[in-house]
Amino acid sequence: MTLLAPALLLGLLGLGLPVVAHLLGREPPQVIRFAALRFLKAGDPVVTQRRRVRDRGLLAIRLLLLALLILVLARPSSLDDRQLAVLAEPHDAMIVLDASMSMDLRPDDTSELARARDVIADIVRALPDQSRVGLLTTDANGPEIAPSLAADEVMNALDEWLSDTTEHYGAKTLAACLPQAVATLESGSGRPRVIYAVGDRTARGLGSLPVAAPDDIALVPITTGTSLDEPAPSPPEHVGLVDVAWTPAPEIDPRAIRITATVHRYGGDPEQVLAVPVELNIEGNTTPAEVNVPANADADVEFTHTLLDREGATPATLRLPLRSDALPTDDVRHLWISNQDQLDIAIVNGDPSELRAHDEVFFLATALRASDQHEHLQLRSLAPDQLEQNLREHGRAAIAETDLLILANVRAPTADVAPILIDRVREGMGLWITVGDRVATREYNENLGAVLPLLLRGPVYAGTAPGRTQARTEAFASPQLAHPIFAGLGGELGLSQTQTRRLMLLEPDPERATSLALSFAGGAPALLTTSLGAGRVGLLTTTVDRDWSDLPLRPGFVPFVQRTAAYLGGLESAAAGSVLTVDQAKEFRGADSLTVIDPRGEAHRIVADNDGVLRFDATHVPGHYRVERAASRRDEVFAVQVDRSESDTSPATVQARAPEHDRASAPGTVPRGQLLFWPIALLLLAEAVWRWRRAIQ
Amino acid sequence: MAESTALAALLPESLLDALRQRSLTSPPRTSGARHGEHRSQRAGLGLEFRDHRPYAPGDDLRRLDWRAAARQDRLILRQQEAEEELTATIVLDAGANMAYGEGETNKWRHATAMVGAIAYVAGLAHDRVRFAIGRDGTVDTSGLLAAPAREQQARLVDLCTQPPGGRTPWTELLESVASSSRRRGVTFVISDLLDVAYDIEQDADEALVRLCDRLAIFRTRGQTVVLVQVLHDDEVRFRWNESKAFRFEDLVKRRPVIEGVGSQLGEGFDERVGAYLELVGSSATSRGLSRLLTRTSTPLADNVLRVFSGAGEFPVEARA
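Heads up: the protein sequence lines correspond to chains R and W, in order.
Sequential numbering from 1 applies to the first sequence in the numbering used here.
Sequential numbering from 1 applies to the second sequence in the numbering used here.
Certain hints may be false.
[Unchecked claim] Derived lysine to aspartate or glutamate pairs resembling DMTMM-like cross-links, with alpha carbons at most 20 Å apart: (1) R/Lys41 <-> W/Asp234; (2) R/Lys41 <-> W/Asp203; (3) R/Lys41 <-> W/Asp250; (4) R/Lys586 <-> R/Asp617; (5) R/Lys41 <-> W/Glu271; (6) R/Lys41 <-> W/Asp233; (7) R/Lys41 <-> W/Glu267; (8) R/Lys41 <-> W/Asp270; (9) R/Lys41 <-> W/Glu201; (10) R/Lys41 <-> W/Asp205; (11) R/Lys41 <-> W/Glu249; (12) R/Lys41 <-> W/Glu242.
[As the list claims (entries may be wrong)] Heads up, incomplete: computed chain R residues facing chain W, CB under 7 Å, no partners named: (13) Pro29; (14) Leu40; (15) Lys41.
Hint data in this document are derived by calculation from the structure and do not stem from the laboratory.
Built from N, CA and C at the ideal position, the CB exists for glycine as well.
Generate coordinates for the entire structure from the input sequences, incorporating the hints supplied.
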């Protein structure tokens with residue numbers, strides 16, 4: 001039996017204090033023999049000197065009780081059969097701790113992270129002399145200690161971080177931290193290098209590790225529970241809010257919205273359905289509900305809520321009010337709701353046709369209405385003449401409410417109305433120009449050149465080369481995932497088979513700040529974007545109907561149109577489209593600086609970089625964020641939520657195995673403090689009985 | 001003077017000369033049984049002319065004013081001031097409460113000096129002195145018995161040189177005095193009057209009012225009642241306002257011990273004592289009793305002389 005905190009045994013010295021104080025007592029009160037006694041105010045009795053112990057038994061019980069409590073605080077432990085694979089010879093060690101949300105899982109009163117802390121303490125203690133040890137966690141805000149001989153630094157930093165953070169989310173996988181750990185271990189020392197990866201068996205934990213680490217570095221996976229050689233035990237059952245969404249519900253009320261929460265139950269008895277309470281809180285008003293969730297399955301619960309007529313978005317919080325959940329960190333999610341969160345899209349059809357195959361509006365409207373957020377979209381179409389007439393009659397007011405204007409194969413706006421369009425773009429309106437036969441390059445360059453990502457050169461047939469007259473087709477290359485339109489896109493967009501027969505060539509201009517979102521396989525730009533003031537402009541160098549391309553027939557056309565429209569229209573800054581995961585960066589444009597108010601109420605001021613991008617990456621805390629800028633066209637908000645994959649505590653296959661050679665084992669310690677609970681309980685009972693007997697005497 | 005020799009045990013020597021100029025009281029007139037030096041309510045055998053009145057059968061022919069009879073042609077009787085004896089009754093509280101105070105501020109020291117002074121002044125005027133002392137739950141009534149003045153003073157000195165102690169039985173003390181007090185005179189009640197209740201169950205304020213009621217009966221018998229309240233400064237202003245613990249014990253040992261932090265125990269003490277002293281004053285005044293409040297912080301001689309000078313909050317003389 002050993003003590004993990006033996007210094008706390010010094011507290012036993014304090015046991016003598018009550019006895020000494022009891023015997024020595026306090027200073028005896030001064031005796032005054034007085035005549036006017038009846039005028040004194042009798043207060044509470046004062047304990048005076050006692051030089052004799054009156055109740056030795058009770059004193060003994062209480063002292064013993066105090067001693068046992070001090071012993072529990074000293075964390076008694078014993079060596080057990082758990083063998084830690086620690087290299088026997090002095091080496092450089094880097095401990096990488098899995099700090100993902102699944103480590104907050106509490107199979108009992110102790111979380112996996114607290115167990116991991118004890119495991120790390122065992123490793124540090126078992127390291128051979130002259131070994132250097134460092135620490136790294138998968139949490140970007142966690143401690144980073146370079147390897148050194150001062151092992152205490154590792155434990156001190158770890159304990160300080162654990163005491164400062166109660167919930168953990170947004171961590172990287174263990175595998176993602178490996179390169180940093182490898183880089184930290186210097187290769188020139190000539191000593192063996194070992195990475196001890198401590199975590200659970202989930203896909204983000206030990207399950208993410210490769211079979212081995214690079215550069216002859218030994219990778220030793222260590223679990224917080226049973227050995228990797230044994231089958232993974234079933235993790236305790238828990239439930240989590242894995243998704244929340246909302247849509248307008250105009251069939252109920254023009255101001256009504258429908259909020260859907262998805263609850264997932266991890267583990268549990270497959271034969272039983274678990275009733276899980278769910279609460280929706282909007283501005284202090286809590287609405288309870290309950291949903292039955294089968295084991296290892298999702299279940300949706302739906303709320304309807306009528307918002308007040310007011311500007312801006314309203315914060316809403318969904319919560320699972322569970323008294324005991326093995327993983328409480330994922331029992332809450334935040335979102336913004338609004339009944340004015342409509343994206344007004346005006347499509348100018350420059351080449352109307354009775355044949356749908358040659359009608360841009362048909363394809364664009366169909367794609368946009370297929371969106372998950374189509375309830376937030378308000379579509380209208382108009383002819384070029386209507387647009388110009390409205391602009392002439394009403395000026396800027398004609399498109400004041402328009403969030404995105406799509407000029408689909410439209411002849412260039414005349415010189416008298418084009419400046420109005422440009423001004424609106426500067427104010428924040430999105431403009432998407434798709435080319436076609438009606439697009440005259442010269443007029444466009446003259447009238448709208450200020451907003452075009454690049455000036456137009458002229459249309460060409462794909463594959464045309466000097467000496468060849470046979471037309472070919474051009475396919476799209478993979479989209480630029482770095483571009484915000486395609487950020488977070490998983491897999492192929494579905495445009496690679498597109499056959500484009502004709503496309504608009506552009507004039508290269510390095511002076512113009514443009515972003516390439518999509519290009520043709522031959523390298524010609526297909527979709528370019530640029531920012532002008534607070535607005536964004538997109539240029540598609542082919543048609544959105546079948547005149548020049550079969551793009552609208554491809555499966556990727558719908559998400560392509562939706563993503564492009566959402567980006568250019570700024571939907572991601574509205575309530576519906578403003579959800580990030582923890583530690584995901586948020587980018588803003590159209591201002592030199594702005595302020596983000598995080599859920600704690602702290603203000604973060606950010607300024608634009610050289611490209612005019614304002615990047616906010618302090619999204620460590622899930623919750624409601626609000627953006628304040630000097631001239632905001634709408635209430636900008638966004639919510640940060642925990643990625644649902646972090647809730648998954650099911651065990652994954654761990655490929656990494658500790659190397660067998662040059663391996664020594666060190667015994668681990670098992671806390672034994674719980675063994676003292678019974679004697680403490682018995683002493684408490686004895687103390688109560690003793691006092692009861694004295695009372696009845 | 002033999003009297004001064006015995007009472008000198010109670011009085012400072014320097015005070016004797018000052019006391020020779022004092023008398024027990026000034027008018028109203030007294031009504032004594034024997035000849036003395038105080039003007040009587042009745043015309044009598046004194047030397048000072050008072051009035052004439054017609055002769056009535058049975059009058060002493062020796063008191064006929066022959067000159068007046070010759071002028072008015074009828075028998076005129078000469079009336080002269082009767083100089084009668086005054087009875088000074090001393091009711092002395094010798095309970096343990098009176099033992100409080102050190103040295104010259106001891107309450108018993110001041111009280112016995114006042115008693116000695118009263119007896120001394122009375123002796124000079126050939127007045128009769130009676131006294132009753134309550135101590136240890138009993139009443140010493142030996143001073144109420146008729147005895148030669150010298151013997152009476154010696155007995156008084158003997159009792160006053162014994163230390164105070166125990167409880168003062170106020171009811172029995174006043175009854176003993178009342179039963180033997182039928183002539184006009186002055187009754188001095190010397191006490192601190194802080195706790196005159198029979199026991200701790202009785203309300204102390206109510207006990208004081210009853211005490212005053214009993215003394216008011218004395219007035220109906222022609223007695224001038226003077227309440228001489230002897231207090232120590234500590235009993236008026238609480239001086240242990242400290243954060244340390246104190247244990248207050250009743251000098252009489254009737255009330256339970258009070259223990260606590262000084263600042264807490266003394267909370268409101270001054271106000272309660274002040275209210276009680278006002279009650280003493282109002283109760284005495286409303287019943288025609290004189291009340292003299294003395295503090296032992298005042299020099300002993302001043303306090304003693306105030307008994308005769310009428311100085312203090314209320315005049316010694318009753319204002320009936």
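Ascending list of hint numbers which this structure does not respect: Hint check: nothing fails, all pass.
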